[in-house]
Amino acid sequence: MIAPRREVETANPSKRQMLRARMAIAAALLPIQASTRVSRLGTGIAWAWALWMVLVASVYATYFMSHFFQRLF
Amino acid sequence: MAEIVANLFVNGLSLAAICILGCSAFGIGRTLIFGLRIPLRDPLATLVWCTSLGLVVASLFCTVLGLVRLLYVPVLVIFTISSALWGCGEILQCYALRRQQRLTQDAPGPIQVPVWLKRILLAVTGVVALATLLAALAPPTAGDALCYHLELPKEFLHRHALVFLPFADNSTFPLLAEMGYLWGLAFAGPVGAQLMSWGTGLLLMLAAVLIARPYLGEAWSWLIGLCVLLTPGVTTQMTAPFNDLSVALWVTLSLVAWHKAVVEQESRKWLILSGVMLGAALATKHTALLFAGSAGLVWGVKWFIDRARWRGLPQSFAIVACLALIVASPWYIRSALHRGDPLFPIATQWFDRGESAPPLVDKTFLSLSASEIFTSPWQITMWPEHFGGYSHQLGPLFLMLLPGLVFVRRLRGLNTQLAIAAIYFLGWFVLRQNVRFLYVVLPLLATAAIWGVAELERMPAIPKRVSLGILYLLLGLGCLLPVYRLRDKWRVAAGLESRRAYLCRVEPSFPAANILNHLAGRQAQLLSEDYRGFYFQGQFTRESIYRRLTHYEQTISHARDMSTELKKRGFTHLLLLESQDGVNHDRTLSRMVAAELATYDHADHSPLLSLASYSALDADGCQRHYRLIALR
Chain A
311 MIAPRREVET ANPSKRQMLR ARMAIAAALL PIQASTRVSR LGTGIAWAWA
361 LWMVLVASVY ATYFMSHFFQ RLF
Chain B
4 MAEIVANLFV NGLSLAAICI LGCSAFGIGR TLIFGLRIPL RDPLATLVWC
54 TSLGLVVASL FCTVLGLVRL LYVPVLVIFT ISSALWGCGE ILQCYALRRQ
104 QRLTQDAPGP IQVPVWLKRI LLAVTGVVAL ATLLAALAPP TAGDALCYHL
154 ELPKEFLHRH ALVFLPFADN STFPLLAEMG YLWGLAFAGP VGAQLMSWGT
204 GLLLMLAAVL IARPYLGEAW SWLIGLCVLL TPGVTTQMTA PFNDLSVALW
254 VTLSLVAWHK AVVEQESRKW LILSGVMLGA ALATKHTALL FAGSAGLVWG
304 VKWFIDRARW RGLPQSFAIV ACLALIVASP WYIRSALHRG DPLFPIATQW
354 FDRGESAPPL VDKTFLSLSA SEIFTSPWQI TMWPEHFGGY SHQLGPLFLM
404 LLPGLVFVRR LRGLNTQLAI AAIYFLGWFV LRQNVRFLYV VLPLLATAAI
454 WGVAELERMP AIPKRVSLGI LYLLLGLGCL LPVYRLRDKW RVAAGLESRR
504 AYLCRVEPSF PAANILNHLA GRQAQLLSED YRGFYFQGQF TRESIYRRLT
554 HYEQTISHAR DMSTELKKRG FTHLLLLESQ DGVNHDRTLS RMVAAELATY
604 DHADHSPLLS LASYSALDAD GCQRHYRLIA LR
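As given, the protein sequences belong to chains A and B, one line each in that order. Numbered per my numbering, the first sequence finishes at 383, counting up by one with no gaps. Numbered per my numbering, the second sequence finishes at 635, counting up by one with no gaps.
These aren't lab readings, by the way, just hints derived from the structure by calculation. Heads up, a few of these hints could be off.
[As the list claims (entries may be wrong)] Sample of chain A residues lacking proximity to chain B, with all beta carbon distances greater than 10 Å (derived): (1) Ser324; (2) Lys325; (3) Arg326; (4) Gln327; (5) Met328; (6) Leu329; (7) Arg330; (8) Ala331; (9) Phe379.
[Unchecked claim] To be clear about the criterion: a stretch of chain A counts as covered by chain B if any three or more of its residues have a C-beta under 8 Å from a C-beta of chain B, and this derived list gives those stretches: (10) 350-356; (11) 365-374.
On a predicted model such as this, the values are computed, not experimentally measured, just so you know. C-beta: ideal position from N, C-alpha, C; glycine also.
Extracted from the complex, chain A is given alone in its bound form (with noise of 0.2 Å):
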């Protein structure tokens, strides 16, 4: 989990911005709450299962793209 570093020793306003966005990203990514294990291994689950889509989808449209263009040319 990524360690937010205190605001208070942030001087700079755009610098704490960033931080409470990288703070955003990782409250997104991982939970906030204790990590555990299994709440670490869910995610990765579900981020691999998000991926495989991904991954089917680009491939699949690649392959729909070019059929489409060669019956159209």
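Got chain A; can you put chain B on it based on the hints?
Chain B only, in chain A's frame:
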């Protein structure tokens, strides 16, 4: 303007005809279900069961008429109109009963469907249904439909009987779906028969909703129905009269009824419907045998593991099997009588009538190995052209979602469905790898896939959004595909192009059929190198089959004797076909014609008169050259 109005009027007549056929089927089905005292609790179940059962019974009625040589158009029209009027009465009665009854709502499923998603589903269903309906208004041009799904009903109707056509291999197949098309053909012409295929697709979607409802509840089961409807192969067949959707529908309904009787313990009378529907599937395509075997094996194992719980299963099996046998057996008996093989042509090598059977071609693109089986879902999804054609593919949805089932929560009852689908898939893999034959397990796979979608709701935010985003994108593309396919046909639906003009533009065999029908009508006896015979009014014989069964070319000793020999055999015309884009095609007849013409100084002195010669672009993108010749 007058032509547009005339075209729109013809389209309107076709739509009215399909409504009448639907009404008729509903009336017949509801009367039988009411007579059997089978409870149907909601409008969806009433619509699906009554219409589907009515369609089966009407097809069986046409079969009986065919067997007793009473297949006359007036008989079928009187039957249709009287049953449609009866059906109107049944619909009004249903409506009145519904108003009296208090509506009961199903218990909500385990995970709720968002309201905005329900609206999107409704919109997508509407777009797909409308796009396929408009496409189905154009005359049929699918190769298999013109070869036998419509050609055989046309021939039976012309001869007023279910005759044996020795030079048509398909004429002894189980043909219940084709008898349904015969009904549509007699009442509403080829477009009417095609619209029946459209209706069957919608019924399949609704049957998928019924099969999924006990597992996922009302709302999610509609998503399953939509998943089935958006399968590219299903939308293709909704605009082309094949029989795969019919088999899938009968098999799905058989499972629904089985579930009602055996699992939900509603009423043993559901076993009657299960048996009739399974019989209808067996009477439509041989693949239903594989499905029946798969389902029987799975339920047999369940009974073996827990006999106390499934005590009445053997009796249920027996009832369903007996009824299925009664409904389907006439077709297998007919095949045994004419071909000596009840499962012609798949079991001919065991019945010692090999000479009459078409040569067995290995139609398994993938070999039987563990790696091929493991990678087959990927190959079937990405390269469907190797498994029966690009238009009949299942799409990527199942490949995306089904692997995730390993990680989601177990849904009670889903394992049984998946086990049936898995065993059927193995049988499909070994016997005949055509993706159309997988439509039978489509509702089962869709149930499992949508359970995966439901479980996606439990994922962390970003992977969930990524997954659902991809799925909704696919949903949208799946909706656009039928709209894209409308590009060739929308002018017919809008009345801007007549059906005849459409056929002249799109169907390669139509110009030859047009000329021959004008010259000879029903008197023509055509020997054709092409396989599409529907639009020819006369007797149509495929040259490759005729040559395989008669070896006529071996009786021709001299090149000049060919036309004399064919005239002696009763042929009046020849249709030669040449593919100019390198597609392999048996041109024995073309070579014999060329050889005979070469023996004459001038073509006018030969008995072969060329009536027409033209080129046409076929649906596969190949240029084909046709030549119509008269034997004078």
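Next item on the list: Test the statement that A/Lys325 is away from the interface with chain B: the closest C-beta pair must be farther apart than 10 Å.
Entry: 24 Å, holds
Checklist line | Status of the stated non-contact between A/Arg326 and chain B (beta carbon gap over 10 Å) | finding: About 23 Å separates A/Arg326 from the closest Cβ of chain B, which puts it past 10 Å; holds.
Next item on the list: Would you check chain B against the region 350-356 of chain A, counting CB to CB pairs closer than 8 Å, and say if three or more residues qualify?
Entry: holds (count 3)
Check: Holds or violated: is the Cβ of A/Met328 farther than 10 Å from all Cβ atoms of chain B?
Finding: 19 Å, holds
Notebook entry, point to check: In terms of beta carbon proximity below 8 Å, does the region 365-374 of chain A have 3 or more residues touching chain B?
Noted result: Coverage by chain B holds for the region 365-374 of chain A (5 residues, Cβ < 8 Å).
Notebook entry, point to check: Are all C-beta atoms of chain B more than 10 Å from that of A/Leu329?
Noted result: The claim holds: A/Leu329 sits with its nearest Cβ about 19 Å from chain B, beyond 10 Å.
Next item on the list: Against chain B, does A/Gln327 hold up as non-interface, every C-beta pair farther apart than 10 Å?
Entry: 20 Å, holds
Item checked: Closest CB of chain B to the CB of A/Arg330 still more than 10 Å away -> Holds: least Cβ distance 17 Å, greater than 10 Å.
Checklist line | Least C-beta distance from A/Phe379 to chain B larger than 10 Å | finding: 13 Å, holds
Next item on the list: Against chain B, does A/Ala331 hold up as non-interface, every C-beta pair farther apart than 10 Å?
Entry: 14 Å, holds
Item checked: Minimum Cβ distance from A/Ser324 to chain B greater than 10 Å, as the annotation requires -> With a cut-off of 10 Å, A/Ser324 remains clear of chain B, as the shortest Cβ separation is near 24 Å.
Of the numbered hints given earlier, the model fails none.
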